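> The lines below spell out each chain.
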Amino acid sequence: MPYDAPGFADTLSPALLQRWNEVIRENHQRLLPEYDSGFFSLEPEALRAPVRAHMKWFGDPAEPAVCIGRVAARRLSDWGWRGRHQLHNEYVEYAHTWRQDASGKWRIKRVTVTTELREYWTLIAEHSPNGLRSLVRDTIGLTPGWKQLYNHEYPFELSPQERKIAFSRQCAGHGDDPALIEAGVPAQPDGDLNRDHALFMTHPINGLDDLIQIVLIGARPYMRETKDGVRPATKEQVFRMRVGQERLACRHADPAAAMSAHGAACEGRTVALANPIGVYLLTMNSDLFHVGEELLPKHWIHFSRGKPGMFQRLEFGPPDDEQEFLDDISIAVGSSEEWLTGGFQLLQHIEIGPLVLVGEGRALSETEHIMATTSEAPVRCHEAAICDQIRELNALYEREHA
Amino acid sequence: MPWFAAAERLQEGIFHSERVCPRRHLGVLFLRASHGASAWQVRATLDALWRMWSGLKRGESPELPGMRIPSENLTVTLGYGPRAFCLEGMLRPTPGELAPSFLFRSPIPAGGGLVLPGSGLRYAADVRVNLATEDFAVQFLADSPLAVERAIVESWALLRGLVDESTGVAPLQITSHFTGHTREDERSWLDFHDGISNLQPGEERLRATVIKPTNRAEDAWTVGGTYFAFFRFAVDVESWRALGRKTQELIVGRDKLSGAAITSLDANGNPVTAIGCPIHGAREVLPSTATAVDEPPDVSEEILRQSHAQRANHHRRDIENRDSLRIYRQSFEALEAIDTPPGFRAAVNFTCYQDTPERLVRLLTQPGWMGRTNFGGDPDSPHPGMASLMTTRAAGVYLVPPNAEGESFPGAVAFPKD
Numbered sequence: 002m003p004y005d006a007p008g009f010a011d012t013l014s015p016a017l018l019q020r021w022n023e024v025i026r027e028n029h030q031r032l033l034p035e036y037d038s039g040f041f042s043l044e045p046e047a048l049r050a051p052v053r054a055h056m057k058w059f060g061d062p063a064e065p066a067v068c069i070g071r072v073a074a075r076r077l078s079d080w081g082w083r084g085r086h087q088l089h090n091e092y093v094e095y096a097h098t099w100r101q102d103a104s105g106k107w108r109i110k111r112v113t114v115t116t117e118l119r120e121y122w123t124l125i126a127e128h129s130p131n132g133l134r135s136l137v138r139d140t141i142g143l144t145p146g147w148k149q150l151y152n153h154e155y156p157f158e159l160s161p162q163e164r165k166i167a168f169s170r171q172c173a174g175h176g177d178d179p180a181l182i183e184a185g186v187p188a189q190p191d192g193d194l195n196r197d198h199a200l201f202m203t204h205p206i207n208g209l210d211d212l213i214q215i216v217l218i219g220a221r222p223y224m225r226e227t228k229d230g231v232r233p234a235t236k237e238q239v240f241r242m243r244v245g246q247e248r249l250a251c252r253h254a255d256p257a258a259a260m261s262a263h264g265a266a267c268e269g270r271t272v273a274l275a276n277p278i279g280v281y282l283l284t285m286n287s288d289l290f291h292v293g294e295e296l297l298p299k300h301w302i303h304f305s306r307g308k309p310g311m312f313q314r315l316e317f318g319p320p321d322d323e324q325e326f327l328d329d330i331s332i333a334v335g336s337s338e339e340w341l342t343g344g345f346q347l348l349q350h351i352e353i354g355p356l357v358l359v360g361e362g363r364a365l366s367e368t369e370h371i372m373a374t375t376s377e378a379p380v381r382c383h384e385a386a387i388c389d390q391i392r393e394l395n396a397l398y399e400r401e402h403a
Numbered sequence: 017m018p019w020f021a022a023a024e025r026l027q028e029g030i031f032h033s034e035r036v037c038p039r040r041h042l043g044v045l046f047l048r049a050s051h052g053a054s055a056w057q058v059r060a061t062l063d064a065l066w067r068m069w070s071g072l073k074r075g076e077s078p079e080l081p082g083m084r085i086p087s088e089n090l091t092v093t094l095g096y097g098p099r100a101f102c103l104e105g106m107l108r109p110t111p112g113e114l115a116p117s118f119l120f121r122s123p124i125p126a127g128g129g130l131v132l133p134g135s136g137l138r139y140a141a142d143v144r145v146n147l148a149t150e151d152f153a154v155q156f157l158a159d160s161p162l163a164v165e166r167a168i169v170e171s172w173a174l175l176r177g178l179v180d181e182s183t184g185v186a187p188l189q190i191t192s193h194f195t196g197h198t199r200e201d202e203r204s205w206l207d208f209h210d211g212i213s214n215l216q217p218g219e220e221r222l223r224a225t226v227i228k229p230t231n232r233a234e235d236a237w238t239v240g241g242t243y244f245a246f247f248r249f250a251v252d253v254e255s256w257r258a259l260g261r262k263t264q265e266l267i268v269g270r271d272k273l274s275g276a277a278i279t280s281l282d283a284n285g286n287p288v289t290a291i292g293c294p295i296h297g298a299r300e301v302l303p304s305t306a307t308a309v310d311e312p313p314d315v316s317e318e319i320l321r322q323s324h325a326q327r328a329n330h331h332r333r334d335i336e337n338r339d340s341l342r343i344y345r346q347s348f349e350a351l352e353a354i355d356t357p358p359g360f361r362a363a364v365n366f367t368c369y370q371d372t373p374e375r376l377v378r379l380l381t382q383p384g385w386m387g388r389t390n391f392g393g394d395p396d397s398p399h400p401g402m403a404s405l406m407t408t409r410a411a412g413v414y415l416v417p418p419n420a421e422g423e424s425f426p427g428a429v430a431f432p433k434d
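Each protein sequence line maps, in turn, to chains A and B. Per my numbering: the first sequence = residues 2 to 403. Per my numbering: the second sequence = residues 17 to 434.
For the record, the hints were derived by calculation from the structure and aren't laboratory data. All figures in this text were calculated on a predicted structure; none of them were measured in a lab. Just so it is clear, CB atoms sit at the ideal spot from N, CA and C, and this is done for glycine as well. Misleading hints may appear alongside valid ones.
As a list, the in silico EDC-like pairs of lysine to aspartate or glutamate whose alpha-carbon atoms are at most 20 angstroms apart [claimed, not checked]:
no.	chain 1	residue 1	chain 2	residue 2
1	A	Lys308	B	Glu317
2	A	Lys228	B	Glu317
3	B	Lys228	A	Glu384
4	A	Lys308	B	Glu220
5	B	Lys228	A	Glu377
Ranges between beta-carbon positions, derived for each pair [claimed, not checked]:
no.	chain 1	residue 1	chain 2	residue 2	range
6	B	Asp396	A	Leu33	53 to 59 angstroms
7	B	Leu147	A	Val72	29 to 35 angstroms
8	B	Glu423	A	Asp37	52 to 58 angstroms
9	A	His300	B	Asp159	44 to 50 angstroms
Chain A on its own, in the form it takes in the complex (with noise of 0.2 angstroms):
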């Protein structure tokens, strides 16, 4: 069974449709080398009694919050799209809609979600520049031109290929794909379009490879000798079995989808990303905002971009013609109110994931184990290298708002 669109959310053509599902195989294929396990599957329709895992997250930014404290991770997270290149990597990201009020003080009216793939989007980009204009006017409510999307009068006139890069160069960035590395695409994107509108994910780390990446990671019976017998491996562990990966147990996604995965191959059972792939808006707890006394207007939290149960966008605030700002929402979290003041706050109460599916465990054998010899000791997140880079972020934020 092939996998049919994220969320969804879009009818492809069957040629689209089947490209996607290659992309989807390249990805993986690109991965096999390194990560391949026999507890991991593309086919979700094989598996033997399949049930729903929860492989989900929160989605505001985690390392931020380890590395400098909620309070500055919250506000370098908002601060606009320096905030989202580089710390938007939880699978999802945001953009505020500003606007002016009465007394002409520009605020925030809305905060716009996406944890839309870049590859699919890239892919529509590639192939079919009337169905990207359709799907951006379907999901913002404006047509663009095609230099917003392509810095090009007519992209019709450009290869598959001269588009992709092109696409990728304006909206999209490079994903950390070396073709456009290569072609000197920045890893991200020149144009204002998806800056301003959160189209879809363009943090490299977002990518459909690395999702793939993270669940392979941890989709392994690494195990460990413990005084009561071989056990589970530990997380610490898991994520030292490789060079380099320590850091990702730092985030919210990535130790949520390892340790899920690994878990599932400990009991035998092998991980399937069902369909359709993609990473969605699982839950919120629309009870927590309120604009005065009231709960917010339905009409204020406008999920999209899929069914329900796969939403991949959320649109949240008042609309423009209405008085209101993003900062007259309050959140009620403990015993406190808090205005809310962009993103960051919302994805604290947002969890994110893809569908995941388990089959059938079976008893493994001792061969099948993989037994983990690296260190148990706690990864010391607040000591980690990406802190350093954290910090002159926040230092530049100091300055520039001094």
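Place chain B on chain A using the hints.
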């Protein structure tokens, strides 16, 4: 060597180790600093209390010098509420994890109200004051009710001796206490086994409970401690018993008699439990001997995903990550005398420990977890009485600071010495 060296500094009474079973009897005592009491006065009072409690643990009673009393393995755990750090002269600021966003709401003045917005837990309609939000909480655990109650009475006696004649009060005052016990059959007032899906003893519990280092330098002294949360719930046994066994099992997510996890539904919608569970021919899955294999597996049916067992634990294995929302918890049943028929109220003391109360707040408020539900089941269409099966009578969150060498009591470092 524990997973995390600082875990060796955890106060007693958490019972994280596989070698020690939790005591069966609980008492929780709440203390408030008197108006105008300085940090120095409170320190001296806590110091005296700690010495007295240590004596009780050794079998020494203040009123019976030279005599030995049964200590009944008493443990004492001292917790600090956020207001404790507001005492004049305190050397440490309120820890970041005791920020208002990680605390419980107060009841509304007319009584009742949500404990946490977004959760399904409410104060009982007659509760107008939360008796569990004080400056200090002291957890006593012991093998007999007397040992726990004696610790409470001796605390009162000691404080009585410290009353300042000019003000008429001691630097610390007892505001309330709660007691309870575990049941021999390891079940709760709901008649189901309680705590099967708890964290495994040893490393698992430590990973969830022990406060880890952060870059918040002012909280470095708390590393190796834990956060203690306490709930006193009234249990609506009458409404519970009005439900049929099948309904109860679907709300809990386990077989009522055996405790086996429900894994699916048959063609008639009846619960089906895991094959081979309970294991080894046992008749029941007991919380005290439950292992990882007794954890409820992932399920697909929505009605089962809404059960208490599935909501409370999503089987995250990265337990040390705060967003795994794993907590280590205990329950102690109680019976209260009341003036209205039937003359008693079934209650339960719920205690839990975690490296940050954020775990608990998110667990209780996020949809799919315990958010919007009182105990389990569909929050949009609860069975009769199930939206208020548990009503809160008191709730609080406290820092349990680590033991530190040279300190006369845990957390003394937060106080001035002179």
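> None of the hints should be skipped; say for each whether it holds.
Tested hints:
1. Lys308/A - Glu317/B: holds (19 angstroms)
2. Lys228/A - Glu317/B: The hint is violated at about 37 angstroms.
3. Lys228/B - Glu384/A: The hint holds at about 13 angstroms.
4. Lys308/A - Glu220/B: Measuring from Cα to Cα gives roughly 37 angstroms; hence the hint is violated.
5. Lys228/B - Glu377/A: With a Cα-Cα distance of about 15 angstroms, the restraint between Lys228/B and Glu377/A holds, given a limit of 20 angstroms.
6. Asp396/B - Leu33/A: 53 to 59 angstroms: violated (44 angstroms)
7. Leu147/B - Val72/A: 29 to 35 angstroms: Holds, at about 32 angstroms.
8. Glu423/B - Asp37/A: 52 to 58 angstroms: holds (54 angstroms)
9. His300/A - Asp159/B: 44 to 50 angstroms: violated (60 angstroms)
The structure does not agree with the numbered hints 2, 4, 6, 9 stated previously, though it agrees with the rest.
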